[in-house]
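Trainee: Sequence:
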Amino acid sequence: MEKTYAPHDIEQRLYQNWETKGYFAPSGQGEPYCIMIPPPNVTGSLHMGHGFNNTIMDALIRYQRMQGKNTLWQVGTDHAGIATQMVVERQLAGGGLTRHDLGREKFLEKVWEWKAESGGTITRQLRRLGSSVDWTRERFTMDEGLSKAVQEAFVQLYDDGLIYRGKRLVNWDPKLHTAISDLEVVSEEEKGSMWHFRYPLADGSGHLVVATTRPETMLGDTAVAVNPNDERFQHLIGKIVTLPITNREIPIIADDYADPEFGTGCVKITPAHDFNDYEVGKRHNLPLINVFDRDAKVIGEFTVLTFEGYAGTHGEKAPAAYVGLDRFEARKKIVAEIESLGLLEKIDPHTLKVPRGDRSGVVIEPWLTDQWYVNAKELAKPAIKAVEDGDIKFVPQQYENLYFSWMRDIQDWCISRQLWWGHRIPAWYDNHGNVYVGRDEAEVRSKYGLPTDNELRQDEDVLDTWFSSALWTFSTLGWPEKTKELLTFHPTDVLVTGFDIIFFWVARMIMMTMHFMKHEDGTPQVPFKNVYVHGLVRDAEGQKMSKSKGNVLDPLDIIDGITLDELVAKRTSGLMQPQMAEKIDKRTRKEFPDGIAPYGCDALRFTFASLASTGRDIKFDMGRVEGYRNFCNKLWNAARFVLMNTEGQDNCISGLDCQYTQVDHWINTRMNQVIATTSQAIENYRFDLAAQAIYDFTWNEFCDWYLELAKISLQSDDVVIQRGTRKTLLAVLETVLRLAHPIMPYITEEIWQTVAPLAGIKGETIMLQPYPAINTAQEDAEAVTALEWVMNFILGVRRIRGEMNIAPGKPLPVLLQDVTDQDQKYLARNQTYLKKLGRLEAITCLERDEIAPESAIALVGNLKLLIPMAGLIDKEAELARLDKEIQRIQNDLPRVEGKLSNPAFVDKAPAEVIEKEKAKLADMHQALTNLQVQREKIKDL
Numbered sequence: 001m002e003k004t005y006a007p008h009d010i011e012q013r014l015y016q017n018w019e020t021k022g023y024f025a026p027s028g029q030g031e032p033y034c035i036m037i038p039p040p041n042v043t044g045s046l047h048m049g050h051g052f053n054n055t056i057m058d059a060l061i062r063y064q065r066m067q068g069k070n071t072l073w074q075v076g077t078d079h080a081g082i083a084t085q086m087v088v089e090r091q092l093a094g095g096g097l098t099r100h101d102l103g104r105e106k107f108l109e110k111v112w113e114w115k116a117e118s119g120g121t122i123t124r125q126l127r128r129l130g131s132s133v134d135w136t137r138e139r140f141t142m143d144e145g146l147s148k149a150v151q152e153a154f155v156q157l158y159d160d161g162l163i164y165r166g167k168r169l170v171n172w173d174p175k176l177h178t179a180i181s182d183l184e185v186v187s188e189e190e191k192g193s194m195w196h197f198r199y200p201l202a203d204g205s206g207h208l209v210v211a212t213t214r215p216e217t218m219l220g221d222t223a224v225a226v227n228p229n230d231e232r233f234q235h236l237i238g239k240i241v242t243l244p245i246t247n248r249e250i251p252i253i254a255d256d257y258a259d260p261e262f263g264t265g266c267v268k269i270t271p272a273h274d275f276n277d278y279e280v281g282k283r284h285n286l287p288l289i290n291v292f293d294r295d296a297k298v299i300g301e302f303t304v305l306t307f308e309g310y311a312g313t314h315g316e317k318a319p320a321a322y323v324g325l326d327r328f329e330a331r332k333k334i335v336a337e338i339e340s341l342g343l344l345e346k347i348d349p350h351t352l353k354v355p356r357g358d359r360s361g362v363v364i365e366p367w368l369t370d371q372w373y374v375n376a377k378e379l380a381k382p383a384i385k386a387v388e389d390g391d392i393k394f395v396p397q398q399y400e401n402l403y404f405s406w407m408r409d410i411q412d413w414c415i416s417r418q419l420w421w422g423h424r425i426p427a428w429y430d431n432h433g434n435v436y437v438g439r440d441e442a443e444v445r446s447k448y449g450l451p452t453d454n455e456l457r458q459d460e461d462v463l464d465t466w467f468s469s470a471l472w473t474f475s476t477l478g479w480p481e482k483t484k485e486l487l488t489f490h491p492t493d494v495l496v497t498g499f500d501i502i503f504f505w506v507a508r509m510i511m512m513t514m515h516f517m518k519h520e521d522g523t524p525q526v527p528f529k530n531v532y533v534h535g536l537v538r539d540a541e542g543q544k545m546s547k548s549k550g551n552v553l554d555p556l557d558i559i560d561g562i563t564l565d566e567l568v569a570k571r572t573s574g575l576m577q578p579q580m581a582e583k584i585d586k587r588t589r590k591e592f593p594d595g596i597a598p599y600g601c602d603a604l605r606f607t608f609a610s611l612a613s614t615g616r617d618i619k620f621d622m623g624r625v626e627g628y629r630n631f632c633n634k635l636w637n638a639a640r641f642v643l644m645n646t647e648g649q650d651n652c653i654s655g656l657d658c659q660y661t662q663v664d665h666w667i668n669t670r671m672n673q674v675i676a677t678t679s680q681a682i683e684n685y686r687f688d689l690a691a692q693a694i695y696d697f698t699w700n701e702f703c704d705w706y707l708e709l710a711k712i713s714l715q716s717d718d719v720v721i722q723r724g725t726r727k728t729l730l731a732v733l734e735t736v737l738r739l740a741h742p743i744m745p746y747i748t749e750e751i752w753q754t755v756a757p758l759a760g761i762k763g764e765t766i767m768l769q770p771y772p773a774i775n776t777a778q779e780d781a782e783a784v785t786a787l788e789w790v791m792n793f794i795l796g797v798r799r800i801r802g803e804m805n806i807a808p809g810k811p812l813p814v815l816l817q818d819v820t821d822q823d824q825k826y827l828a829r830n831q832t833y834l835k836k837l838g839r840l841e842a843i844t845c846l847e848r849d850e851i852a853p854e855s856a857i858a859l860v861g862n863l864k865l866l867i868p869m870a871g872l873i874d875k876e877a878e879l880a881r882l883d884k885e886i887q888r889i890q891n892d893l894p895r896v897e898g899k900l901s902n903p904a905f906v907d908k909a910p911a912e913v914i915e916k917e918k919a920k921l922a923d924m925h926q927a928l929t930n931l932q933v934q935r936e937k938i939k940d941l
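According to my numbering, the sequence shown is numbered sequentially starting from 1.
It should be emphasised that the hints constitute simulated quantities derived from the structure, not laboratory data. Misleading hints may appear alongside valid ones.
[As the list claims (entries may be wrong)] For each label pair, taking beta carbons as the anchor points, the in silico distance ranges come out as:
{"id": "1", "residue 1": "Lys-21", "residue 2": "Glu-117", "range": "25 to 35 Å"}
{"id": "2", "residue 1": "Lys-353", "residue 2": "Asp-295", "range": "19 to 29 Å"}
{"id": "3", "residue 1": "Asp-821", "residue 2": "Gln-890", "range": "44 to 54 Å"}
{"id": "4", "residue 1": "Phe-905", "residue 2": "Asn-276", "range": "38 to 48 Å"}
[As the list claims (entries may be wrong)] In silico lysine-lysine, DSS-like type, Cα no more than 25 Å apart, as pairs:
{"id": "5", "residue 1": "Lys-447", "residue 2": "Lys-148"}
{"id": "6", "residue 1": "Lys-110", "residue 2": "Lys-175"}
{"id": "7", "residue 1": "Lys-835", "residue 2": "Lys-810"}
{"id": "8", "residue 1": "Lys-549", "residue 2": "Lys-590"}
{"id": "9", "residue 1": "Lys-377", "residue 2": "Lys-529"}
{"id": "10", "residue 1": "Lys-875", "residue 2": "Lys-937"}
{"id": "11", "residue 1": "Lys-518", "residue 2": "Lys-385"}
The model shown is predicted, which means the values in this text are computed figures rather than measured ones. Beta carbons: idealized from backbone N, C-alpha and C, even for Gly.
Based on the provided sequences and hints, a complete structural model is requested.
Mentor: Structure representation (structure tokens):
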């Protein structure tokens, strides 16, 4: 082994070897275990959420693989309809072209070309994370097999009466000209206005004041709502108002949606341009008047509908001055005209959440369009029951409530998108507008008995990408064919995902799977047995990572390192506002003055695992990564020590006698306990507890204690004891490597390749070795108790050295008081360890009534451990040192106390910063108390 641990030199070499030799593929033996990767977008690149998510999945797969199971981690990418189409359209725009210049067929050729050349970035990055997915089975949601599955699912759902086409209100992106899902809408607070307009009563008896944040939609108002319990307006319910500008007469209705405490208590109802108003309109059977076109511009002739269907135009026309105006231009003109009519009551500043498309950045318009829908209410029934009956379990269980709240109030799912890139909807129309659904045009003609001269055109829309990903667990395994893989690995075992897509993906997978996948007895199959829900990765201060905040971290930058200038350039790239770029530049230079050092993949993965407490958001701290890189170094150096003491030696694997010491029995017993703790933690998805158990045992017990105690045995004159210690060193180290491998695959593989032959273990790779199991052969509970006594004894000596500032190497005499028979027993068996590790010249037991000299005291249980101070320290020099340190803290205290008593700081500083200052103050007070106690001790000597 090299002297220094250099992860960059080993990681890519090891991964290439693993993949080339096919270690990631299912073994074909043992109980099946399967995880489906949440398919990342083909346009994507790795972010911290991917890093965390994949670390958890890989740890599970490697753990189950080592348990002897037939494991499959299915990998693939999503075609990402909107995102991919935007990438290629931007490329075309650089050459002065649009997709319409090329036509649909040529444009799709361009997309496939882009996918072949640039679409594999994220899969290359997944390899750098050490993800042991089966690359030979990589899938893409637009590949031939998955396209066939999507087509089959659509046709079956349509034939089952669960898919229909209808005109409904959707999130419409006026820039991309497509409906988008709620997940693709980002609502953030923006400063705006609340306009108060007077709507005159038709009988001339007065007016109502209506408050609105969207004046432009008033052209489509079909009612004014008041709360039925609002006494101010009860006498007006049922009366008519005249809508300004259009002069349309609309009713005053009573509905609980109107909040007496908000605005004026009177709400304009525009069912065709607001989701809440749409529901009000449905309850009161109001007409829906659409006033915008697909660009969100005012149309000349309004479309009027009822909730039963199309109702014609009824002569509803926009005032000529508004036709063709963008909605925000129309807003200004409407406000000006209302003011000129004397109907503007007032304008108040108002902060509101504005919905914007996450891709286009434009304000989303609720818009009535013809779309395809899935009857989700029907599909939700068995999906709800599956969780109620425990067929699917959420971890943590609390997320069941979130699932139920969504599913029990589910709305029909809009599955069509007005794009070219995606699965084209398998529906055809004749010249009369009749719709026919089939797998292809030939099947449609045969299925519906249509003559060949009946002209048909296929629907232009494509399916929502969530539709294809909803089939992911079974389509990737070959459905609709009954493949061997489908029969072996479905249902899958666990889905690892964030809580933010429980509805958009998890719930839809459950619904679709239970409709299409059946057991032999005809009962529905679930897609997975467990859903492990993790939190979102945030920065060290708990802030969401976003480009606009300049706090985004790339996992590969942590693994491979990045210079400060490169990091600044990456964080400010593409920012349009110079002020924002300058702010992010300043923040980055303060946070990472030296850039980011290369920490290696294992340190990052161990950090993710250590933070994976169930269900909570993750505050990512670079300090932890540095700490776990040090842990990697510690393990590497421990392995080098073991190798230096075992290579070329008889390690008791050839049949010669060996003898195990009490220390050997202790470390083996503790090893068994850690195996049990770690295995149970992983089985329960508590990766934080598994990581902590591995860390504590490896660093504190194996490295800090056992290696030091083993040195004493290795220096023994008894070769039989030496053999036993060498065998134990190798056995424990090799076990630790297998124990940590699921979380830290690279360093454990690299060390194992050298250690395994010395331990008499055969095999090509650690990942195909069995995960550690408890071996009771060398268990000894008494050894654990004895070694705890030894360690407490030595720690007592070291504590006195530290407190009294005694040199570590100076031999000390130790006196013992209140010695029990058990203490005598431990003392007799461990004199050598105590003297050598404690740097002791003598250990003397005092008689019961014997008076001890002035000594520093430590307790080991009830045993008093005394070190006489005479001649050990320079009393005056030590008092002077303590006085200087006490004075330093006393000088610093007023500054920290003053900051925390300053309202300007406490009111404005983030909560995390205030907590840090409070912790600092508490530490200073504790340190001051300890120093003062120590001073009193020395003064009395």
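Trainee: Are any of the numbered hints broken by this structure? If so, which, sorted upward?
Mentor: none
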